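**Student:** Protein sequences, first through last, are from chains A and B. Residue numbering for the first sequence follows our numbering, starting at 1 and increasing by one per position. Residue numbering for the second sequence follows our numbering, starting at 291 and increasing by one per position.
Warning: the hint list may mix true and false statements.
[Stated by the list, open to error] Calculated cross-link-like contacts (lysine-lysine; reagent style BS3-like; alpha-carbon spacing at most 27 Å):
1. B/LYS662 to A/LYS123
2. A/LYS126 to B/LYS561
3. A/LYS206 to B/LYS440
4. B/LYS662 to A/LYS171
5. A/LYS265 to A/LYS277
6. B/LYS518 to A/LYS206
Just so you know, these hints were derived from the structure itself, not from any lab. None of these values were measured; they are calculated from a predicted model.
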Amino acid sequence: MPPQATEGPQTDGNTPSFFRIPPPIKQLFDRFPLTTYPANDLPERVPSGRADNQLFVFSDAASARRGRPSFNPQCLKWQAYLKFVGIDFEITPSNNHASPTGALPFLLPAFPTEAAVTIPSHKLQKWAIEQVHCEEEQQLNLRFDVYASLLDHRIRNAWLYMLYLDDANFKAVAQRLYVNPSTTSSLVRAALGFQLQQAARDELLKSSPYIDVAALEGDAGNAFEALSTLLAEDEHFFGRPNPGLFDAIVFSYTHLILDEGMGWKHNRLAQLLRQHKNLVQHRERLLRFF
Amino acid sequence: MVLQLHVWGPAFTLPSIEAQCLAAIAYCSVALPKGSWELVATSDPSVSPTGELPALQDGSTWVSRFRNIVDYLRQYSNGEWDLDRRLDETARADSIAFSSFVESRGQILIDLSLYVSSQNYYGNTSPAYGNLLQWPNQWILPPKLHGAAKTRTEHLGLSSLDLQAMEEQRQREHSAAVAAGRVPKNLIARPRDTVSKLLGRTAQHNHFRLEALTGEFFEPLEAMLGQKAYFLAAKEDDTPSSLDCIALGYLSLALVPELTFPWLRDAMRNKSPRLAAYTEHVRRRCFGQAPVEVAHAFSPESAPSSPLPWRTPSRISVAAVGSTLLDSLAESTPLLRRLRRYNGLKAGAQSPDADLSGLERNVVSQAADAGKNDLYASVAAVVGGVALLVGYMFHIGMISTVAAGQKEYEEEQEEEEDEEEGIVDAGTAADFLNMGGLGDLGIPGSS
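Model the full assembly from the supplied sequences, consistent with the hints where possible.
**Tutor:** So this is what it looks like as structure tokens:
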């Protein structure tokens, strides 16, 4: 801001006693020059020659090595999508703090190697289309966005409630997967757990003044019914020969809801989902990719 | 028993200012026979036990939210008052998916248009609320709704529509410049931006974002509607379905209001002319030909013959005013808020309509009681500690010296800013340490 820059010296001239740095402090700071140190080296465990694209997701080390599905629906959605369109990548377990945008997943592409360009999740589809020239499915069917809103809102809200606000599930699942790996201090764990639950509560309270569990579950049940009708007898959604982005979104929730390894205590969503055989079979078909 | 539908009152020539309420009104006016229901412009969400409007009252039973109301009406009439009964499986799936789509995307656009766009909020929405709300609520409710709309749309990064947020951000930058010490505070000339200047600066950016948002919302709906009279109509003479009611709720709030900054209406007319014509058509079918005035809701005799069975809301009583004021006061007092939450939890658990087993009911009630006892214990501990401290001060004569030396103390007060520091001299520091120990011992005893 040029006007302020010209004002500064003038005011100094007018009132010297107040704005000039006192001599002792000036001397002190002359002895401590400000230096900028070079950036730290990357940790030893980082492979020096990156051969593959790296996808950073919520996962644990053992599952990541074997390329198992992530336990976070957002991450699993993109993990599944990249697998379905045939892009090779490695899974790196990570958390939100590691991401440039503050949210997982993000991808570190193999090319170009020298520039550390990361691709956040909302640009992953565009990147994948550039890489393998797959179709942008939203353009092909007007129902894509409409039915996706079922997953982004109704099923997601019921999921948030089941994972974070049902106390038994929170202790058995969310605490184990999200809170415990980040710290061993019980105090910090309690604080983190509280923050997570509060964030989920705030998210649900955005759309309605109070949380009505029966309504959330009813909405999720309706959503599964609509998805089941949309899939009908097809292998994949919208009658596509290969699974695509919509299949990945559906799979990211249906897999985690039906996965025995999650250790759910109360799983009302699974009861609702099992009423629709074709969605369960759809999830089993896609699980073979992993 | 006549069913009563409680809604937010009329505004912008529509029978309600809120989309879900409009949807519920449309559904009732199409599905229910005349004389079986009444429309009450309560405009006070606290009438319903869930604190939500629209709410349907059937004697002592309350049902809130559009979908619950639709379900309740179907059960109440044994499937007769059900607009969706003729839909086949595919149409039912479409109805569910499009309802979810309209609710989630439409709500965000309405929030941006009516609440977040500052000119519209202060020029149109806020005065409209002023007309339909009664005394204490007109000061309490609109800011709450405004805040809720802002949090719902935060993630879109369109807060530049909101002049107040822009002003706050500039002040932060301004104070950051001051804190950096480059320029003394009182020498910085406050830049005075006019509304048009602010909008001019961010207009292009906003324009692209809003273009994309409105396009994503209107295009699938326009394509779905096609040349049909209703979204899910299979034949010429079909009636509206529940999806048409939901769509009408959101689309009419986008199309009808006369706003200072009508970007949403312009986008709708440009991008989807058929959708705009459809909204007008369904609106006339559901809400009648004549525009709805606020006066119609409060004195139904004055209204021309309309398909909406208005019933005058009961005047707000002194007790209700008092309880509203107390409620908002108690909600903003930390201790009381917790106490009320525990009480509410217990009452909810023990009420017969709660869907809980006997064991769960006991557990929840016990948890609420335990929480309440904890709260009382901590209050008692603090009170006991303070009492002990004061008692000890009397005991060692500190307070009596103050009473005796009142004159001196008043003289000192001019020099000393902190009163207590003025009284206590350095010699009593050891006493204070002792007192702290006593206070600690006293807490468990007194609770």
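**Student:** For each hint, tell me whether it holds in the structure or not.
**Tutor:** Evaluation of the provided hints:
no., hint, verdict
1, B/LYS662 to A/LYS123, "violated, 50 Å"
2, A/LYS126 to B/LYS561, "holds, 26 Å"
3, A/LYS206 to B/LYS440, "holds, 10 Å"
4, B/LYS662 to A/LYS171, "holds, 24 Å"
5, A/LYS265 to A/LYS277, "holds, 23 Å"
6, B/LYS518 to A/LYS206, "violated, 34 Å"
In the structure shown, a violation is registered for the earlier hints numbered 1 and 6, in ascending order.
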